[in-house]
Amino acid sequence: GAVVSQHPSWVICKSGTSVKIECRSLDFQATTMFWYRQFPKQSLMLMATSNEGSKATYEQGVEKDKFLINHASLTLSTLTVTSAHPEDSSFYICSAPIAGGTDTQYFGPGTRLTVL
Amino acid sequence: GQNIDQPTEMTATEGAIVQINCTYQTSGFNGLFWYQQHAGEAPTFLSYNVLDGLEEKGRFSSFLSRSKGYSYLLLKELQMKDSASYLCAVRDLGRLYFGRGTQLTVWP
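Residue numbers (the working numbering), protein chains in the order written: chain F, 456 to 571; chain Y, 1379 to 1486.
Some clues are possibly wrong.
Said to hold, decoys possible - As a list, the in silico SDA-like pairs of lysine to any residue whose alpha-carbon atoms are at most 20 Å apart:
1. F:K496 with Y:T1386
2. Y:K1435 with F:Y561
3. F:K496 with Y:L1471
4. F:K510 with Y:R1473
5. F:K510 with Y:K1459
6. F:K496 with Y:N1399
7. F:K496 with Y:T1483
8. F:K496 with Y:K1435
9. Y:K1435 with F:D558
10. Y:K1459 with F:D558
11. F:K496 with Y:G1418
12. F:K496 with Y:D1383
13. F:K496 with Y:A1417
Stated by the list, open to error - Okay, the calculated bits of chain F under chain Y, using three or more residues with CB under 8 Å as the criterion:
14. 498-512
15. 548-554
16. 562-569
As the list claims (entries may be wrong) - Ranges of calculated distance between the beta carbons of each label pair, as one might list FRET restraints:
17. F:V458 with Y:E1434: 24 to 30 Å
18. Y:D1383 with F:A527: 35 to 41 Å
19. Y:S1445 with F:D520: 38 to 44 Å
20. F:T486 with Y:A1417: 30 to 36 Å
Derived by calculation from the structure, the hints in this document are not laboratory data. Built from N, CA and C at the ideal position, the CB exists for glycine as well.
Input sequences plus hints: build the corresponding full structure.
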């Protein structure tokens, strides 16, 4: 089955630092990937759509200069949380759809970010 | 805007049947998905509906009525391992918009 990986699984950082999270599609190519954020006991909130070879599309209210997205290849998208603050602590999950059929999105295992 | 509503919590006993409802009001619609999510893990795909009617997949079934903006997920022969959060998601222009999730607890 489709596999999407994320790295790291968890990260703890100091306030003001930047953190990069990688999302890879392991056995298929993904021209589009999606980034979500999930706070405890809340649902997934779509942050942005990552497009290979072009700029990401951000959802309303998401700061593009704070959450930098780069879709460098057909199997890799990265999310960089710049100048992280404690309120950025959350569970970040990426997903990628498999083209054709239902275009079902498959999710990565998530990255738990804690900003001290 | 996107508005997707589902109950916050449900409980049921092992072996029982439970139905989790989802209502939605979205600017566009291109399919409805149900995902299962255990705490601290990523969601896993359960079912997909794009046309009205019932889709059955083993112990899980999902129903859609587009005119009513309504779907449900039916879980039969509940097992302890079914305790999880169940997320209803509507796809619009390729993007998924999720409800808050329904936390299901299965008791022995």
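Given that the region 498-512 of chain F was listed as covered by chain Y, double-check it with a C-beta distance under 8 Å for 3 or more residues. Per the Cβ count (5), the hint holds.
24 to 30 Å as the expected CB spacing between E1434 (chain Y) and V458 (chain F), which holds or is violated: 26 Å, holds
Given the hinted pair K496 (chain F) and D1383 (chain Y), is their alpha-carbon gap at most 20 Å? Distance ~15 Å between K496 (chain F) and D1383 (chain Y) Cα, so the pair holds.
Do three or more residues from the region 548-554 of chain F put their C-beta atoms closer than 8 Å to C-beta atoms of chain Y? holds (count 3)
Tell me whether the statement that chain Y covers the region 562-569 of chain F is true, taking a Cβ distance below 8 Å and needing three residues at minimum. Check passed, 5 qualifying residues.
Is K496 (chain F) close enough to G1418 (chain Y), meaning Cα to Cα at most 20 Å? 10 Å, holds
Taking 20 Å as the top limit, are the C-alpha atoms of K510 (chain F) and R1473 (chain Y) close enough? 16 Å, holds
Confirm or reject the claim that S1445 (chain Y) and D520 (chain F) have a C-beta distance inside 38 to 44 Å. Since S1445 (chain Y) and D520 (chain F) have Cβ atoms about 42 Å apart, the given range 38 to 44 Å holds.
Just to be careful, I want the Cα atoms of K1459 (chain Y) and D558 (chain F) compared with a cutoff of 20 Å; is the pair within it? 27 Å, violated
Between the alpha carbons of K496 (chain F) and A1417 (chain Y), is the straight-line distance 20 Å or under? It holds: about 9 Å lies between the C-alpha atoms, which stays within 20 Å.
So if I understand the rule, the pair passes when the alpha-carbon distance is 20 Å or less; does K496 (chain F) with K1435 (chain Y) pass? Violated, at roughly 27 Å.
Hinted pair, alpha-carbon criterion (20 Å max): K510 (chain F), K1459 (chain Y). Please report holds or violated. Not OK: K510 (chain F) and K1459 (chain Y) at ~41 Å, beyond 20 Å, violated.
Hints 3, 5, 8 and 10, counting from the list given before, are not met by this structure.
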